[in-house]
Amino acid sequence: MPSSTSSSDPGAGAGILSREGALPAGLRLTASQRPGQAQPVPTRDIPSQPWGRIIVGVAIGLVAGIAALEVNARANIGLHAGDLDNSEITWTNEKLRAAGAPVAIVGDSRILFDTDPDRFEALTGIRPIQLAIHGTSPLTLLEDVAADPDFKGLLIVGLADTMFFQPYDGYGGYVHRFAEFRAPYRIASNEIDHVLQRRLAFLDSNYRLSVLAHRLDPNFRAGVEGPKDDIWKVMEVGEHRQAWLWDRVENDPAWRARTRWAWKGFKEKFPYTPKLIAKGQARAKAAVDKIRARGGDVVFVRPPSAPQLRVNEEAQVPKAKGWDVLLRNTHAVGVHIDDLPAAQGLTLPEWSHLSRKCSAVFTDAYVRRLTELTPRLKLRADAPAPLGRADCVAGAATSS
Amino acid sequence: MIFNSLTFLVFFVAVLALHNAPFFSWHQKKINLLLASYLFYAAWNPPFVILLWVSTVVDWWAAQWMVRAKRQNTRRAWMVISVVVNLGMLAYFKYGGFLLDNFVSIASSIGVAYAPPKWDIVLPVGISFYTFATLSYTLDVYLKRAKPAQHFLDYALFVTFFPHLVAGPIMRPTELVPQFASKVRATAHQLYFGLSLMILGLFQKVVLADGFLAPVVEQVYDARQGVPTMIDAWVATLAFSGQIFCDFAGYSTTAIGVAMCLGFAMPDNFRFPYAAVGFSDFWRRWHITLSSWLRDYLYIPLGGNRYGPARTYTALMGTMLLGGLWHGAAWTFVVWGGLHGTYLAVERWLKGRFAGFKPGPAMIVALGLLTYVLVNITWVFFRAKTFTGASTMLQSMGGMADKPTPMIALLPMIYALVIVGGIVTTHWAMRDKTLEIAVERTPAWLVGSVLAVMAVAIVAEQGKGSAFIYFQF
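Listed in order, the protein sequences are those of chains A and B.
Using our numbering, the final residue of the first sequence is 446, and nothing's skipped along the way.
Using our numbering, the final residue of the second sequence is 499, and nothing's skipped along the way.
Hint data in this document are derived by calculation from the structure and do not stem from the laboratory.
This one's a predicted model, so the numbers in the text were calculated from it and none came from an experiment.
Fair warning: there could be bad hints in the mix.
Each computed DSS-like pair below joins lysine-lysine, with the alpha-carbon atoms no more than 27 Å apart [said to hold, decoys possible]:
(1) K403/A / K279/A
(2) K144/B / K313/A
(3) K144/B / K325/A
(4) K144/B / K336/A
To give an idea of the interface, some chain B residues facing chain A are shown, with a C-beta separation under 10 Å as derived from the structure [claimed, not checked]:
(5) L35
(6) Q176
(7) T213
(8) M292
(9) D294
(10) A371
(11) E373
(12) P387
(13) M389
(14) V485
Here a beta-carbon is modelled for each residue, glycine too, at the ideal position from N, C-alpha and C.
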C-alpha cells in the first residue's frame with residue numbers, strides 16, 4: 047500500500063523539507079498540478095513537534111479555560127446550572143408530546159413565564175404542554191397547532207395584544223421548519239447539551255463569546271442600534287420548557303432597569319391598522335374553528351403587564367377592538383388579567399413578566415377561573431388553597 | 027451529523043475506539059467504518075442512505091462490466107448508465123424545482139398559465155459531493171486511468187467514508203481505495219496532529235465564520251428594509267469572503283484532521299486562496315478538489331486548450347457556468363460561475379497578449395489585491411438570494427445607493443475587518459508554504475498556546491451546530 051503520511055517523530059531528524067516528495071519550499075503537489083491523470087494517494091506531513099506534550103498542554107489549557115468560564119458565569123454573571131437553552135429542538139420535542147395531550151399552551155413570553163406548570167398540575171391534575179415562544183406572535187402558534195390533526199385537547203392561547211396582531215411571526219417563525227429540527231443528530235445533540243447544561247452554567251447561548259464581544263459596542267456608530275440595545279438574558283428554562291424570569295433581572299436593580307429600557311415601552315414601529323387587526327381576527331377564527339371541528343377547544347388568557355407598558359399596548363390595540371372582538375368572533379372563553387381580582391398588583395420586575403413567585407399566583411388565579419369556564423379543566427378535590435398577592439409580594443396584605 | 031455538534035464528538039470517540047480496538051480484524055474494522063459512515067449520513071435523514079446505496083451499487087457494477095466489455099460501445103454504454111443514474115439523481119433532487127420554476131416562467135412569458143404542484147423535495151445533504159466522487163470512479167475506469175477496485179467493501183467505503191462524504195474534499199478512488207488495502211492505524215503523532223487540525227478547522231468554522239463574521243453578513247444581506255451604505259456593503263461582502271473561506275476551509279481542515287486521526291490521508295482542498303494573483307491561480311488554491319475535478323472531467327473532455335482559442339474559451343466558460351450551477355440551483359450561482367469564467371478568459375487573453383510581462387513584487391501585490399477585490403464582486407452573487415439583492419449590494423458598493431442607511435454597529439464591523447484582514451495577511455505570508463511547514467518552524471510552546479486558546483474559544487462560542495454553508499450544495 048502506498049505510504050500516505052510522513053512519519054515525523056521528534057528525534058527522527060527529518061523535517062518536512064527533507065522528506066521524500068516535498069518540494070523545495072515544503073509544498074506538496076495537489077490535484078491542480080496533475081491535470082488529466084489518476085490522482086495518487088495524498089501525502090500528509092506531520093510537523094516535527096513534541097506533539098504529546100503539546101496535546102497535554104492544550105488539554106490543561108482547555109480545562110483551565112472551561113473552569114474560568116464556569117466560575118465567571120456563576121459568580122459574576124449569575125447564570126445557573128440546570129438552566130436549559132430554549133432551543134428549537136426542545137420545542138419540537140414538546141410539540142410531539144402535545145399530540146394527544148389534554149392541555150397545551152401557546153403564546154408569547156408572558157404566558158411562557160407567567161404560567162407555573164407545577165401549580166397548574168396541583169390544581170387540575172394535568173401538566174400542560176408548554177409551546178409558547180418568546181418574541182413570537184401567539185397567532186402563528188395557534189395556527190401551527192390548528193394545522194396539527196393530532197391535537198384534540200384544550201389549547202390555552204396566552205397573548206399580549208400587540209404580539210398577537212403583529213404582522214409577522216417573530217422569533218418563533220422556525221415552527222414552520224419543524225422537519226429541519228427533527229434530524230436525528232440534532233435531537234441527540236440537544237439531549238447531550240441538556241445533560242451538560244444540567245451541570246454547567248456557562249453553556250448558555252447568551253454567554254457565547256461572540257455575543258458578549260458584540261455587546262461591548264455602546265452604539266458607537268450613529269444611526270445603528272448595536273447589539274447592546276437587544277434584550278440579553280431574560281429567562282431561565284427548566285425541563286420541558288418550564289420557563290421563568292431570570293432571577294438577576296428580578297433582583298438586580300441595574301439589570302431590571304436595563305431590561306425595562308430595552309422594551310422601549312412596547313412602542314411598535316408599525317401601525318396597528320384596523321385592517322391588520324381584522325386580518326388577525328379572521329386568522330384566529332379560522333384556526334379556532336379548525337381545532338373545534340376535530341373535537342378540541344381554545345381559550346384565551348391575557349397575562350398582566352405594568353401600567354408603563356399597558357398604556358402603550360392599549361393605545362395600539364385597544365381591548366375593545368382586540369381582546370373583546372377576539373372572544374366574540376371565536377365564541378371562545380377568555381380570562382383577562384383585568385377580571386382576576388386575586389392577581390392584581392403582582393410584581394412585574396421589568397414591567398412585562400411576573401416574578402417567579404407571582405407567576406404561581408397568576409397561574410392559580412387564571413386556572414381556577416378556567417375551571418369555571420370550560421368543562422375540559424376540573425379543579426381537583428384536593429387542590430391547594432388559593433394563592434393571593436401576599437404569597438409573592440413582600441409586605442402585601444394577607445391573601446384574599 | 028455535522029462536525030461541530032456534540033453528537034459528532036460522541037460518534038468520533040466511538041469510531042476511534044472501534045478503529046483502534048485490538049480484537050477486530052482489518053476487514054472488520056473496514057466494516058465498522060462503513061457502518062459508522064452510514065450512521066453519520068443517516069443522522070440527517072435516514073431514508074437518504076438509500077441514495078448512497080444506489081450510487082454505490084450502480085457505479086460498482088458499471089465499472090465491473092466496463093472492464094469485462096470487449097467492445098468500446100459496450101464500455102461507453104456502461105459509462106453512460108453510470109453518468110445518467112448519478113446525474114439523474116442529482117438533477118431530480120437538486121435541480122427539479124429550479125427546472126420547474128424556469129419552465130413555468132417560460133410558459134408564462136408566452137401566455138401559458140401553468141401552475142404545477144409545489145416541488146417539495148428535500149435536498150439530500152452532500153449529494154453534489156458524493157455524486158462527483160462516485161462519478162470519478164467510473165470515469166477513471168472508462169478513461170483507463172485507473173483499474174476498478176478489487177473489493178466491493180473498499181469501494182463502498184471510498185464512496186461513504188464519513189470525513190469526506192458530505193462536503194469533500196472530493197476524493198478520487200485512486201486517492202482513497204489503495205489506503206484501504208492494508209491495515210491502517212494512526213501513530214500517536216498523527217492522532218495528535220489530526221486533533222490539532224480539528225481544533226483549527228472548528229475554530230475557523232465555529233468562532234470566526236459563525237460567531238463573528240456571519241452576523242455582520244446577515245445584518246446587511248438579510249436586511250428586511252433599507253439600502254446599505256457603501257461602507258456597510260463592502261464590510262458585509264468582505265466579511266462574507268472571510269465567512270465562506272472559514273466555513274468551507276474549516277470543514278476541509280476538520281475532515282483532513284478526522285481522517286488523519288484514523289490513519290488516512292486526504293488531499294489539500296485550499297491553499298491560501300486570498301493570496302492568489304490572477305484567477306487561474308485562485309482556482310489552483312480554492313476548492314482544489316472541485317476545480318481539478320471540473321478540469322479533468324469537463325474542461326478537458328470539452329476540448330480544453332487543444333483545439334484553438336475559440337474552443338478553449340467556450341470550454342472554459344462552459345465549465346465555469348456548470349461549476350456555478352453545481353453550487354446551487356439558482357441563476358445567481360450561474361452568474362457567479364459566469365463571472366469567474368469571464369475573469370479566466372480575460373486573464374488568458376491578457377497572458378497571451380503580454381506574454382513577456384514579468385511583474386515586480388509591488389505589481390504582484392497590486393494584482394493580488396485586484397484579484398481579491400474582483401473575487402469579492404463574485405461573492406455578491408453567491409450570497410445574495412436574488413438578482414435584486416445583488417444589484418442593490420453592487421450599487422451600494424459602488425456608492426450609488428439612494429438614501430443608504432448604516433446597518434452594522436462599529437465593533438462588529440471592526441471585528442470583521444480585523445478577522446478578514448488577518449486572513450488575507452496570513453494567506454500572503456503563507457502563499458508559498460504549507461501549514462505544516464509553518465507549524466514545524468514555530469516554537470512548541472507557541473503552537474500549544476495557540477491551540478489551547480482556539481480550543482477554549484470553540485467551547486466559549488459553544489457552536490450550537492449550525493450547518494456548514496457547503497452542505498446545501
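The hints, checked one at a time:
no., hint, verdict
1, K403/A / K279/A, "holds, 19 Å"
2, K144/B / K313/A, "violated, 39 Å"
3, K144/B / K325/A, "holds, 26 Å"
4, K144/B / K336/A, "holds, 24 Å"
5, L35, "holds, 8 Å"
6, Q176, "violated, 12 Å"
7, T213, "holds, 7 Å"
8, M292, "holds, 6 Å"
9, D294, "holds, 5 Å"
10, A371, "violated, 18 Å"
11, E373, "violated, 16 Å"
12, P387, "violated, 17 Å"
13, M389, "violated, 21 Å"
14, V485, "holds, 6 Å"
Comparing the model with each numbered hint stated earlier shows that hints 2, 6, 10, 11, 12, 13 do not hold.
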